[in-house]
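**Q** Going down the list, the protein sequences come from chains A and B.
Note that the first sequence covers residues 8 to 414 in my numbering.
Note that the second sequence covers residues 6 to 124 in my numbering.
Quick caveat, the hints were computed from the structure, so don't treat them as lab data.
Please read all numbers here as calculations on a predicted model, not as lab measurements.
Each hint can be trusted.
Quick list of in silico lysine to aspartate or glutamate cross-link-like pairs, EDC-like style, CA-CA up to 16 Å:
no., chain 1, residue 1, chain 2, residue 2
1, A, K163, A, E121
2, A, K163, A, E43
3, B, K58, A, D80
4, A, K91, A, D169
5, B, K58, A, D48
6, B, K99, B, D41
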Amino acid sequence: MGEPAGVVEHLFRHSAGQITATLARTLGPARLDLAEECLADAFEQALRTWPHSGVPANPRGWLFRAARNRALDLLRREQTLRAKLPLLAELDGCDEAPAGDAELAMMLLCCHPELSQTSQVALTLRTVGGLGVGEIAAALLTKPATVAQRLARAKKWLRTRDEPLQLPPAEQVESRVDSVLAVLYLLFTEGYDATSGDAAVRGELCGEAIRLGRLLLADARTDLPRARALLALMLLQASRLPARVDEAGDVLLLDEQDRGRWDRRLIAEGTRTFAAACTGPELSAYHVEAAIALCHVAAADPADTDWPRILALYDRLAELRPSPVTLLNRAIAVAMVHGPGQGIAELERLEQDDRLSGHRGLPAALGALWLRAGQPRTAARYYRRALELPGAQPQRRFLERRLAECR
Amino acid sequence: MPQYAGFLRNTPDALAHLGPDEAQRTLERYLAWSEDMEKAGRLVYSNGLSATKGRVVRLEDGVLTSTDGPHTEAAEVVGGVIIIEADDLDQAEKTFGTHPHVAFGPIEVRKVGENGCEA
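Could you build the full structure based on these sequences and the hints that come with them?
**A** Take a look at the structure:
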């Protein structure tokens, strides 16, 4: 027997991305299915042998070799792929650096503009993020069968392209990075404010988005200021995760959180990363959002929050990304600076926006502002309206708690 | 103390559909079981069996033949063997019943013969 049952945290998931990407680089992304089959086989072998023989000293290398050997076996039977045999046989380890390269190239390929964004997300999470089909379905609020179908279509598309796994030409890298950033943003947001499931926060997804964001910064070609800004934003938001839910797992508002539980290490790293994002002239929406997050973490007490500065940043964000959610958050900042009445006026204007119909955020924000304006009955009406809309359990409990305050 | 062998059987794809994190949690549960048995001083032998590197040899009409096996088409394969010490078959059954493998396939529990003569 080996050492006590210690397996590196997320060993399988992190190895999954590296192994799939490394094999796909050698076999060609067209054979992603083969790479995945070999990976599944390596996992199965590990499950069959490690419980008895103990975890090997280099479990990552073990998994990699098992997957590669399986690929060699399969390739010997496939005439068309025989030419790849020597290349594959040369792969002798899953060294961190080259695997990072392959993962990065894989991530950029997964975010190819010819794929729909929903397919981009699913493919990235599956191949680079190492998430199972069920987990992806939960993250994207859809059925496992739908995810499986999207993945099958995306893989079919990869087969028709059949080009080597490498970074796209320099002139395409920037726009491709934009797609990757959009996917990571979506992934992080889903983790931060889970719209599905029983947990209000799914730190797993946030952690994965941060890991993939770091991959972008590790390569000079994809280390763009806006990539740094998004990573800074994610780190700063993640610093508040430990304080974001109470013992019952319910969401706490910023001014209800125990700020002593914010992760200082992440705040420091986020602040450094943000500074590194601001060395050039580029100003993306991620820059502005990170600056807003920085304002929040800079306040030791909710009363110290620099709301006028936050409002100015939201004005800027509304120019760069005039999404309804941006405008909703801006209205809350308006209320903090100019009083609830003005915030309510802004929100009532947004009620005309079709994109926000069915979104709980709007009636919930109106409820909060009416309550602050000293009109609990109007507030209760909005909270009830918010509760009529679909959403995750913790969000429901949050709204019910607010509604109770209106009496 | 009498020894009992547990044959861990499962369909070939029982473990193939696990996501990476599920696979890891499964592995951790398997390891924890073995560790507990080891600590209790009851674990005699434990090993996994290869799913692909196997042959079946048989004598047919005086000719020795061999086929690759176990066949992956088979309904169930034996993926591992564990031998433990237990007071009796009932206790062995109870012990193997706590093994996390039962979520994926059956465990066949057999008493290991002593000195070739088994009651």
